[in-house]
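Turn these sequences into a full structure, and let the hints guide you.
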Amino acid sequence: MHVYGSANLLQTLIKHDLVDAFWLKIFPIILGGGKRLFADGTIPLAFKVTESTVTSKGVIPVNYERADAVTTGIYKHSAG
6 MHVYGSANLL
16 QTLIKHDLVD
26 AFWLKIFPII
36 LGGGKRLFAD
46 GTIPLAFKVT
56 ESTVTSKGVI
66 PVNYERADAV
76 TTGIYKHSAG
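No gaps in the numbering here: position 62 of the sequence shown is 67 in the numbering used here, and each next residue is one more.
To be clear, the hints were calculated from the coordinates, so they are not data collected in a lab.
Since we're looking at a predicted model, the values are computed, not measured.
Do not rely on the hints blindly, as some may be mistaken.
[To be verified] Within a straight-line C-alpha distance of at most 25 Å, the following computed DSS-like cross-link-like pairs (lysine-lysine) qualify:
hint, residue 1, residue 2
1, K20, K53
2, K62, K30
3, K30, K20
4, K81, K53
5, K53, K30
[Unchecked claim] DEER-style ranges, computed between Cβ atoms:
hint, residue 1, residue 2, range
6, L18, S83, 32 to 42 Å
7, I48, G78, 17 to 27 Å
8, A84, E56, 29 to 39 Å
Beta carbons are placed, not taken as given, at the ideal position from N, Cα and C, and that holds for glycine.
In structure tokens form, the structure reads like this:
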């Protein structure tokens, strides 16, 4: 299933663990507030990058596929 421009539907699919892959196009512009693709409360899922490029206009098409279980840990910032 392809979902174009519906963050609400996508968040529902993620909530029910029905997403196997993402094909995103990241545009290098800032338009203001807007709706977040991964809103607060989104369940953690692990994905890996399978393909990415940068176009001459700076658009980044990137493909993600499901990976193994989510690995968590503690981030320690080291000064220096």
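Exercise for the section: Any hints from earlier that this structure breaks? Give me their numbers in increasing order, please. Expected result: none
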